[in-house]
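*Asks:* Position 26, counted from 1, in the sequence shown is what this note's numbering calls 26; the numbers after and before it change by one each time, with no gaps.
If you are wondering where the hints come from, they were derived from the structure by calculation, not from laboratory data.
This one's a predicted model, so the numbers in the text were calculated from it and none came from an experiment.
For each residue, glycine too, the CB sits at the ideal point set by N, CA and C.
A couple of the hints might just be wrong.
Per label pair, the in silico range of CB-to-CB distance [as the list claims (entries may be wrong)]:
1) ALA39 - SER143: 36 to 44 Å
2) GLU141 - ASP16: 19 to 27 Å
3) PRO258 - ARG137: 21 to 29 Å
4) ASP25 - PRO258: 26 to 34 Å
5) ASP173 - SER87: 15 to 23 Å
6) GLY66 - ARG137: 24 to 32 Å
7) ASP25 - SER74: 21 to 29 Å
8) ASP237 - SER115: 16 to 24 Å
9) GLY66 - LEU257: 18 to 26 Å
10) ARG102 - HIS221: 34 to 42 Å
11) GLN31 - SER74: 34 to 42 Å
12) GLN108 - ALA232: 49 to 57 Å
13) GLN236 - ASP23: 23 to 31 Å
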Amino acid sequence: MSESPLRAQGLSVGYDGADVIDDLDLLIPRQQITAVVGANGCGKSTLLRALARLIRPRQGTVLLDGRSISELPSREVARRLGMLPQSPVAPDGLTVEDIVTRGRYPHQGLFRQWSERDEAAVEAALAATATGPLRARRLDELSGGQRQRAWIAMTLAQQTELLLLDEPTTFLDLAHQVDVLDLLDDLVAERGRTVVMVLHDINQACRYADQLVAVRDGRIHAAGAPGDVVDAAFIQDVFGLDVRVVEDPVTGTPLCLPTAQSRRTRCTS
1 MSESPLRAQG
11 LSVGYDGADV
21 IDDLDLLIPR
31 QQITAVVGAN
41 GCGKSTLLRA
51 LARLIRPRQG
61 TVLLDGRSIS
71 ELPSREVARR
81 LGMLPQSPVA
91 PDGLTVEDIV
101 TRGRYPHQGL
111 FRQWSERDEA
121 AVEAALAATA
131 TGPLRARRLD
141 ELSGGQRQRA
151 WIAMTLAQQT
161 ELLLLDEPTT
171 FLDLAHQVDV
181 LDLLDDLVAE
191 RGRTVVMVLH
201 DINQACRYAD
211 QLVAVRDGRI
221 HAAGAPGDVV
231 DAAFIQDVFG
241 LDVRVVEDPV
251 TGTPLCLPTA
261 QSRRTRCTS
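All chains, full assembly: derive it from the sequences and hints.
*Replies:* This is the structure in structure tokens:
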């Protein structure tokens, strides 16, 4: 078994003739959480889409367990890699259960129809994301946070070794953000999954990631354990923000505190 299930080599990806990702190399460690961070427009989502074969690179290649992902059958890729894009879209009228059930489609075939294993996977995904009570509700009737949990449930039902998630905490309140991140952490620790996710919250990325990958101007600016790469200079380089970096009192990971002062007049009496 290779050390890295997913690898990018010399990857260049762009739109309308302009590269967003330029000559990028990246190793995804097996059975770990990799968090991809960076300023808006730096290429994080483009990188994730290229890793999932949703975008064809202009140059370079993505290797899935040592084989070029572009040469693998689509169904085989879907059985091994689950992808949750930033803004998924579903046909009108589908219920939560309909969406989650679609996560099992890669496992179906001419001689492999719906089974008890499929049913168990759907039920487990609904339970893990607390979407069971919503199973009969139409997706277009739900709040943004409820829809996001339904999409995450679909990805979990796929039961792939690799999970790629683009901003999985979008639309979620803080409690559900923590629930989802704890769930992903458990999938790695208890079931040996490999997770790659784009996160906006640098402190959440530091707390949950084994590997932090910072993208800047379409290239890898830094990659490594959060404690090894995150300091005030790193945050200034990647986000253009002045911070004080202290130790998280709960996890011991870096905790970034912006130092900018509020312009509001404060009462000191």
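*Asks:* Each hint: holds or not?
*Replies:* For each hint, the structure was consulted:
Range check, ALA39 to SER143: about 28 Å between beta-carbon atoms, so the 36 to 44 Å window is missed. Between GLU141 and ASP16 the beta carbons are some 37 Å apart, a value that contradicts the proposed interval 19 to 27 Å. Roughly 39 Å separates the CB atoms of PRO258 and ARG137, a value that falls outside the hinted 21 to 29 Å. Remark: the range hint 26 to 34 Å for ASP25 to PRO258 is upheld by a beta-carbon distance near 32 Å.
Restraint check, ASP173 to SER87: a C-beta distance of roughly 19 Å satisfies the suggested window 15 to 23 Å. Judged by the Cβ atoms, the range 24 to 32 Å given for GLY66 and ARG137 is violated: they are separated by roughly 42 Å. The hinted range of 21 to 29 Å is satisfied by ASP25 and SER74, whose Cβ atoms lie roughly 25 Å apart. In this structure, ASP237 and SER115 break the distance hint of 16 to 24 Å, their C-beta atoms being roughly 51 Å apart.
Separation of GLY66 from LEU257 is about 42 Å and departs from the stated range, judged on CB atoms against 18 to 26 Å. Against the hinted window of 34 to 42 Å, the Cβ-Cβ separation of ARG102 and HIS221 comes to about 36 Å, which satisfies the hint. Taking the beta carbon of each, GLN31 and SER74 are about 25 Å apart, not inside 34 to 42 Å as hinted. Between GLN108 and ALA232 the beta carbons are some 51 Å apart, a value that agrees with the proposed interval 49 to 57 Å.
Distance hint check for GLN236 and ASP23: the Cβ-Cβ separation is about 24 Å, which falls inside the suggested range of 23 to 31 Å.
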